[in-house]
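Which chain is which? The protein sequence lines are B and G, in order.
Read in order, the letters of the first sequence are residues 2 to 178 in our numbering.
Read in order, the letters of the second sequence are residues 61 to 309 in our numbering.
In short, the hints are calculated from the structure, not lab data.
Check each hint, because a few of them may be wrong.
Stated by the list, open to error - Far from chain B, some chain G residues (derived; all Cβ distances over 10 Å):
{"hint": "1", "residue": "Ser72"}
{"hint": "2", "residue": "Leu83"}
{"hint": "3", "residue": "Pro96"}
{"hint": "4", "residue": "Phe127"}
{"hint": "5", "residue": "Ala135"}
{"hint": "6", "residue": "Ile160"}
{"hint": "7", "residue": "Asp161"}
To be verified - Each computed DMTMM-like pair below joins lysine to aspartate or glutamate, with the alpha-carbon atoms no more than 20 Å apart:
{"hint": "8", "chain 1": "B", "residue 1": "Lys173", "chain 2": "G", "residue 2": "Asp66"}
{"hint": "9", "chain 1": "B", "residue 1": "Lys157", "chain 2": "G", "residue 2": "Glu172"}
{"hint": "10", "chain 1": "B", "residue 1": "Lys157", "chain 2": "G", "residue 2": "Asp66"}
{"hint": "11", "chain 1": "B", "residue 1": "Lys157", "chain 2": "G", "residue 2": "Asp161"}
Quantities reported herein were computed from a predicted structural model and do not represent experimental measurements.
In this text, a Cβ means the ideal position worked out from N, Cα and C, and glycines have one as well.
The chain contents come next:
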Amino acid sequence: MLRDPSAHRGTSMERFTAAYRELAPRVLGYLRSHGVDDPEAATDDVFLALHRRFDSIEGGDAGVRTLTFSIAHARLVDYHRAQARRPMQVPFETHEDPRRSASAEEVAISMVGGPATALLAHLGSAQQEVISLRVIAGLSLEETAQVMDRSVGSVKQLQRRALESMRSLLAKETIDV
Amino acid sequence: MSEFVDVLLAESELSDDMLLRELLGELERETTTVRPMPSATLSALMSPKRPLSARVGTRGARRRPSFAARSAIIASAAVIGVVALGAGAAAASPATRSAIDAGVAAIAHLFEPSHGLGTHGTTKHGAHPPETHGIHQHLSRFTPSDGTSEADHASRHQRDGSQNGDDPNSESNAGSGLASGDTKSDSSGPEASGSGETGSGASGSGESGSDASVQSGDTKSGDSHGGDSGGDSGHGGRGDDAGGHATNH
Numbered sequence: 002m003l004r005d006p007s008a009h010r011g012t013s014m015e016r017f018t019a020a021y022r023e024l025a026p027r028v029l030g031y032l033r034s035h036g037v038d039d040p041e042a043a044t045d046d047v048f049l050a051l052h053r054r055f056d057s058i059e060g061g062d063a064g065v066r067t068l069t070f071s072i073a074h075a076r077l078v079d080y081h082r083a084q085a086r087r088p089m090q091v092p093f094e095t096h097e098d099p100r101r102s103a104s105a106e107e108v109a110i111s112m113v114g115g116p117a118t119a120l121l122a123h124l125g126s127a128q129q130e131v132i133s134l135r136v137i138a139g140l141s142l143e144e145t146a147q148v149m150d151r152s153v154g155s156v157k158q159l160q161r162r163a164l165e166s167m168r169s170l171l172a173k174e175t176i177d178v
Numbered sequence: 061m062s063e064f065v066d067v068l069l070a071e072s073e074l075s076d077d078m079l080l081r082e083l084l085g086e087l088e089r090e091t092t093t094v095r096p097m098p099s100a101t102l103s104a105l106m107s108p109k110r111p112l113s114a115r116v117g118t119r120g121a122r123r124r125p126s127f128a129a130r131s132a133i134i135a136s137a138a139v140i141g142v143v144a145l146g147a148g149a150a151a152a153s154p155a156t157r158s159a160i161d162a163g164v165a166a167i168a169h170l171f172e173p174s175h176g177l178g179t180h181g182t183t184k185h186g187a188h189p190p191e192t193h194g195i196h197q198h199l200s201r202f203t204p205s206d207g208t209s210e211a212d213h214a215s216r217h218q219r220d221g222s223q224n225g226d227d228p229n230s231e232s233n234a235g236s237g238l239a240s241g242d243t244k245s246d247s248s249g250p251e252a253s254g255s256g257e258t259g260s261g262a263s264g265s266g267e268s269g270s271d272a273s274v275q276s277g278d279t280k281s282g283d284s285h286g287g288d289s290g291g292d293s294g295h296g297g298r299g300d301d302a303g304g305h306a307t308n309h
């Protein structure tokens, strides 16, 4: 299901490059939407791990995509576990400082993370995971179930509830506006 | 609109919800517009490797030395080897050094002009050119003996040389094997006759005797002169006669 036609032929390095070109933005968006501190470094880690196992992947393009987001999901779980073990950090609350002004980086980040991503943050973690894997990663129902290590029925139920929540949130926001 | 969103809405039986469709489309567009920059490690994995020739070119290929350089190296090695051999010989025992000196002298004698000219001389008796000794030896090998040996001729020449002081060859004759053959015939007659028994052996001893006389010059050792006279007699095929003459004298 990779869109790059060179992913279907060529050497291992060419196929890996095509997979990176196709999947890296989605992996980055998946990790960013789940609040990873350094999503680009995490994306690099995902593809380095993928490269070590790239020649032994079975299932064609769908297998590459499933394995890629399986690794990304594992990295995400590790990240959240590490965050839970880490001692609580009290950052300098710049948003409460009236003397601040938005930097160029903050402006760029605010442009990337739009209202749709903010709406996703209102969902539960499992629902958020299903929606991000289906919409951002582009996985099928079965692939999502494989990545999340759940049954297809469970994933289907989660996605239906997530969509209803989003619709209700959107309707509420529209009413507020 | 992405096909993923359409499939998701169809599975959830929400295909007609345009607001939700637009929201999910916006979510996909927001999260996938940024393309990450691969790290250096990842870039190295994805970049094609440089060809081997390019890497070799950057390192600087080792070139084979030219023919002149190789020749110079070989010549240097040969010179060093010869010098080392000479140094080793110089450091050897005195016996070895003397043997080397004798060999060098023998080789030097081969290149002396008198040695080559003497073999082609034509004089028989009377006044002797400087190469008389060699000529005399040469002729005595092929001239049939008339009852007198070379020792007689040598003694006669010796006497003539001593009487004729203005003879330019007298001095060289006195130092040559002819003059010394006289003295030798007295002292080592039996040795001369013994060497004359075998023709080839006599000729060999005669050659060495003449060489020794040329080298030693004034010393005139008895053995070498005895070899000289014996060689002459042997070549003449009358070694016994020569020995007899020698003993009679």
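Hints and how they fare:
A beta-carbon of chain B is positioned within 10 Å of the beta-carbon of Ser72(G); the least distance is around 5 Å. Under the 10 Å C-beta cut-off, the non-interface status given to Leu83(G) relative to chain B is violated; the minimum distance is some 6 Å. Listed as outside the interface, Pro96(G) is inconsistent with that label: its C-beta sits roughly 5 Å from the nearest C-beta of chain B, within the 10 Å cut-off. Residue-level check passed: Phe127(G) sits 45 Å from the nearest beta carbon of chain B, beyond 10 Å.
With a least CB separation of 54 Å from chain B, Ala135(G) remains clear of the 10 Å interface cut-off, as annotated. With a least beta-carbon separation of about 74 Å from chain B, Ile160(G) lies farther than 10 Å from that chain, consistent with its non-interface assignment. For Asp161(G), the requirement that its beta carbon stay farther than 10 Å from each beta carbon of chain B is met, with the minimum near 78 Å. Restraint check for Lys173(B) and Asp66(G): the C-alpha separation of about 23 Å exceeds 20 Å, so the hint is violated.
Among the hinted pairs, Lys157(B) with Glu172(G) is inconsistent with the structure: their alpha-carbon atoms are about 119 Å apart, more than 20 Å. The suggested pairing of Lys157(B) with Asp66(G) holds, with an alpha-carbon distance near 15 Å, which does not exceed 20 Å. At roughly 112 Å between alpha-carbon atoms, Lys157(B) and Asp161(G) are farther apart than 20 Å, so this suggested pair is violated.
This entry does not satisfy hints 1, 2, 3, 8, 9, 11, going by the numbered hints stated previously.
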